[in-house]
Amino acid sequence: MKPLRASFRFLAVGIAVLIFAAAISFSVSISAAEKPSAETTAFAAPSTGDGALFTAFVSVLRHPRCMNCHSRGDFPRQGDDGHPHAMNVRRGPEGHGVTAEKCSTCHQDHNLGAHLPPGAPNWALPPPATPMIWQGLTDAQICRSIKDPKQNKNRNLDQLVEHLTEDKLVMWGWNPGEGRTPIPMPHEEFAAKVKQWQAAGATCPTETGKRAKLDVPGQ
Amino acid sequence: MLSFIVNKQRVNLDVDPSTPLLWVLRENLGLTGTKYGCGMAQCGACTVHLNGEAVRSCVAPVSRAAGKEVTTIEGLSPDLSHPLQRAWIAEDVPQCGYCQSGQLMSAAVLLREKPQPTDEDIDEAMTGNICRCGTYPRIRKAIHRAAGMMTKGEAR
Amino acid sequence: MSAPQIERREFLKFSLAAGGGLLIGFSLPGADMFATAQAQSTTVFMPNAFLRIGTDDRVTVIVNHSEMGQGVYTALPMLLAEELDADWNKIGFESAPVDPKYNHPVFGMQITGGSSSVWSAFEQYRKAGAAARGMLIAAAAQQWNVNPATLRTDSGAVFDGTNRKLTYGQLAEAAAKLTPPAEVTLKDPKTFKLIGKPVKRLDTSEKINGKAVFGLDVKMPGMLTAVVARPPIFGATMKSFDDSRARTMPGVRKIAAVPSGVAVIADSFWQAKMAREALHVDWDDSAMRTFSTNQMMQQFREQAKSPGTNVRREGDPDAAFAQAAKKIEAVYEVPYLPHAMMEPLNCAVDLRADTCEIWTGTQFQTVDRANAAKIAGLPPERVQIHTTYLGGGFGRRANPQSDFVVEAVHVAKVAGAPVKVVWTREDDMQGGWYRPAFLHAIAGSIDSNGNPVSWRSRLVGQSIFAGTMFEAMMKGKEYDPASVEGVDDLPYAIPNLAVESHKADVKVPVQWWRSVGHSHTGFATECFIDELAVLAQKDPYQFRRALLPKHPRHLAVLDLAAQKAGWGKPLPKGRARGIAVHFAFESYNAQVAEVSVDDGKIRVHRIVSAVDCGRYVNPGIIAAQLEGGAIFGASAALFQEFTFENGRLQQTNFHTFPMMRMNECPEIETHIVENNEKSGGIGEPGVPCTAPAIANAVFAATGKRIRKLPIRMTEAV
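Protein chains in written order, with the working numbering: chain Y, 1 to 219; chain U, 1 to 156; chain L, 1 to 717.
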């Protein structure tokens with residue numbers, strides 16, 4: 001049994017990586033700065049006033065691990081291809097699913113293993129009043145929306161940064177469990193960049209009019 | 001020692017806390033009405049209520065139940081009087097019957113939260129429960145029937 | 001015979017005593033209806049193998065077929081109760097032990113399969129009821145000292161002309177002293193009170209309160225649970241295993257090699273499963289290491305280019321094809337499919353020095369007993385099988401090698417205690433015995449008036465009989481009749497017709513799967529006749545009608561389905577209908593599917609299914625079987641396949657092997673043709689038409705032909 005499972009996982013990961021690569025190549029308008037890049041270091045920051053500090057980490061927000069819950073439609077998504085969550089799962093009145101298909105029906109506060117439901121504390125979607133949908137938004141729009149207390153559950157900047165850097169559910173993106181692609185930018189680097197952005201005044205990029213075409217295929 | 005309530009009875013158990021609730025219910029407590037179908041929260045046969053919410057017991061470690069209240073199919077009603085059970089009989093829903101415990105436990109949460117469910121509500125509540133025999137059309141009818149019984153005040 | 005009288009009530013008693021705490025009562029199917037063992041002890045009248053009547057008026061019908069959802073625990077009691085004039089509210093049921101008395105009257109063994117339970121029991125169970133009724137009347141006549149001919153029966157009691165009444169319970173003891181009649185007269189069907197009525201199922205209650213006992217629910221005192229590490233590739237053998245870590249894990253009692261792999265035996269399932277994950281087994285998997293279904297299908301396509309074994313030949317299809325005005329060739333392909341019953345396989349065994357008791361949900365009691373006896377080293381009479389409820393069967397639980405039973409007896413031999421072998425879902429899916437993958441290469445032609453002139457089907461696929469005890473059923477034929485059923489009797493009037501069969505030598509274990517050969521022949525033939533209709537620029541329904549002049553029962557279901565579906569009437573934009581008709585298991589089915597295709601995604605909105613299964617017993621159950629058959633067929637049409645790469649199965653659980661779910665389920669309407677023909681089957685006949693009806697509807701909606709299942713619009717032509 002063991003050898004079979006191991007190779008199956010290997011294969012699944014291989015396929016997932018391929019799909020991810022394909023997804024990236026579709027997203028033509030994602031700027032080079034957003035691409036996960038090994039050369040970018042947390043401390044070699046670009047100038048502060050033009051929102052480049054935000055675009056330095058926006059690739060994380062656009063990653064399927066984040067985007068699958070921040071995408072269009074009143075439902076979560078799955079996989080690196082961002083397909084709608086199986087079983088007709090919906091956002092629900094509080095972002096916790098509906099009736100007999102709530103997030104906690106299957107998801108625990110921890111990952112369970114390959115092909116099993118992933119999990120983290122407070123596994124949920126943003127609530128419908130503040131759905132925090134990033135799909136289809138420009139970097140500038142994403143930036144403004146996460147800073148907007150009307151859209152971000154009334155978080156001030158400190159609380160927003162805390163959510164981005166310390167929330168267990170967000171942190172899950174770096175430890176998504178076997179068979180799922182983790183966010184490539186190291187968490188430390190991401191946290192440092194977010195804090196750098198905050199320290200420099202949390203400036204958003206200016207609107208370029210350029211719009212990410214399809215961050216998540218299938219919509 | 002792990003302690004929780006099952007079908008209104010307190011149980012104290014000495015089990016590995018990572019054991020799925022399903023197997024504790026079935027093997028330690030003899031409550032075999034809750035079924036094993038897939039072991040990965042894909043089919044819903046193992047659905048029970050944990051503090052009133054539908055939970056796939058095949059992936060929920062028993063530790064998650066500690067201090068909480070579990071209801072299984074055996075505790076849905078003592079005498080087949082739950083409106084859903086009566087509707088299931090009226091519509092002759094089960095075929096092999098294996099998935100029906102899970103179907104009923106999911107439907108019970110649906111009806112509690114949406115006493116007059118639409119077809120869309122049914123799709124959103126019941127799509128996590130697989131039936132290989134294909135009783136879906138009857139499950140849908142029976143849920144509507146149970147909702148009707150509840151409106152008419154026939155519910156317990 | 002000196003069979004041990006292993007009473008299930010004994011078993012029930014010690015099961016109740018075991019465990020404590022919240023342990024619920026354990027009972028076999030139906031026993032819950034009679035609440036207590038005490039009530040059963042009042043049984044006194046057992047006129048034959050099929051019923052018991054207690055002094056408490058309870059009538060227990062002993063059912064010789066397995067209940068796997070198809071409703072035999074209701075339909076067979078109905079047959080008996082009808083002739084007994086029983087009070088339906090006092091009817092209970094019980095699964096039959098293994099005994100030649102309970103053999104299928106046609107197949108000569110205890111088996112549930114071939115959609116044959118109701119038709120094979122139709123007279124058997126009625127006669128059993130009629131015999132008992134005669135004896136109860138005789139007992140009443142004796143008691144009242146009157147001529148039996150002056151007495152009548154109704155609702156569980158005998159009445160005389162003055163309406164004096166003796167219930168069957170009151171007569172049970174006296175009737176037990178009488179000799180069963182040699183001959184019985186059966187009722188005139190016109191007087192039936194139960195047969196033909198939508199009587200509610202008897203097994204619903206215990207299936208909605210958790211009390212129904214499936215094989216997986218069996219518990220015995222001191223019982224251990226085992227999982228088996230089986231080869232990852234078919235044909236692989238174990239070289240060695242390392243259990244140094246596994247055997248130290250909590251609850252593990254024993255780890256030992258068995259012929260099918262390595263058994264891990266523990267106090268509980270989860271402990272056994274955890275230990276199995278810690279076990280390392282070295283397999284020699286060289287036999288099929290390079291097997292791939294892609295390559296296999298490529299080979300099938302090559303094979304189909306040359307003539308196969310002749311199955312049926314009329315006229316000269318090749319010459320006719322060559323000269324025809326218009327012609328078309330198409331290759332249809334279907335994949336391996338598992339039965340995927342909701343209850344994964346399992347089997348509990350209590351092996352003693354001189355007896356072997358088995359509790360499992362099986363469709364194949366006689367064969368299982370014989371196979372188990374060989375392994376146990378006991379005569380078959382010393383082996384008893386207690387048939388539990390089956391959480392679905394679809395053919396898988398009738399395995400010619402009794403794989404899951406034989407393995408459990410092997411495990412019991414090493415366990416040294418009662419043991420239940422549990423298969424995980426992954427074990428079950430990877431365990432083999434699938435519906436074989438098949439290829440149909442069909443060439444057909446029409447004349448200038450659009451009338452078909454030739455049809456040649458060449459089939460390539462594995463035989464389900466080859467290598468089994470059923471090879472004899474091939475009756476010296478060069479082909480497997482189960483492979484070609486449904487195309488060898490193609491009903492359409494086509495003057496030049498050939499059916500040829502190619503054997504495929506592949507070592508994937510294959511078996512009957514709900515509707516067997518019809519599961520692929522229905523798809524291929526009903527899609528191809530649709531292609532011919534379009535070639536002839538004719539309406540697919542009318543085209544079929546014109547070719548069925550000698551098949552009135554095909555026509556009747558076809559007309560009924562078309563009419564109820566509103567064939568030819570306008571549909572909302574984007575929707576289209578497809579039709580199919582097929583004869584299988586002595587019944588006729590036609591279906592009309594209504595679909596739309598949006599961005600490559602198929603939505604089935606509605607299925608209308610019409611059946612002619614002759615004289616029927618319970619129309620409610622027939623409707624349920626047609627609904628279930630259509631959903632089973634639609635799942636296969638839309639979602640399901642088993643594929644192999646490097647010898648390994650690529651689908652292991654429901655995340656990669658999807659089932660139709662509630663939100664995808666169409667509206668399903670069912671209709672029955674009323675007639676007085678001999679009863680046919682119902683469990684399987686509702687499956688074959690679904691895939692072609694959907695595929696033909698997809699063509700009507702998109703102009704794209706579906707020649708491969710599961711349907712992918714990217715592969716449509």
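By construction, these hints were calculated from the structure, which means they are not laboratory data.
Check before you lean on any hint, since a few could be wrong.
Claimed, not checked - Straight-line Cα separation of at most 30 Å, BS3-like style, residue types lysine-lysine; simulated pairs:
hint, chain 1, residue 1, chain 2, residue 2
1, Y, Lys168, U, Lys68
2, L, Lys187, L, Lys165
3, U, Lys141, L, Lys193
4, L, Lys187, U, Lys141
The hints, checked one at a time:
1. Lys168/Y x Lys68/U: With Cα atoms ~24 Å apart, lysine 168/Y and lysine 68/U stay inside 30 Å; holds.
2. Lys187/L x Lys165/L: holds, 22 Å
3. Lys141/U x Lys193/L: Given that 30 Å is the threshold and the Cα spacing comes to 27 Å, the pair holds.
4. Lys187/L x Lys141/U: Violated, because 36 Å separates the two Cα atoms, which is more than 30 Å.
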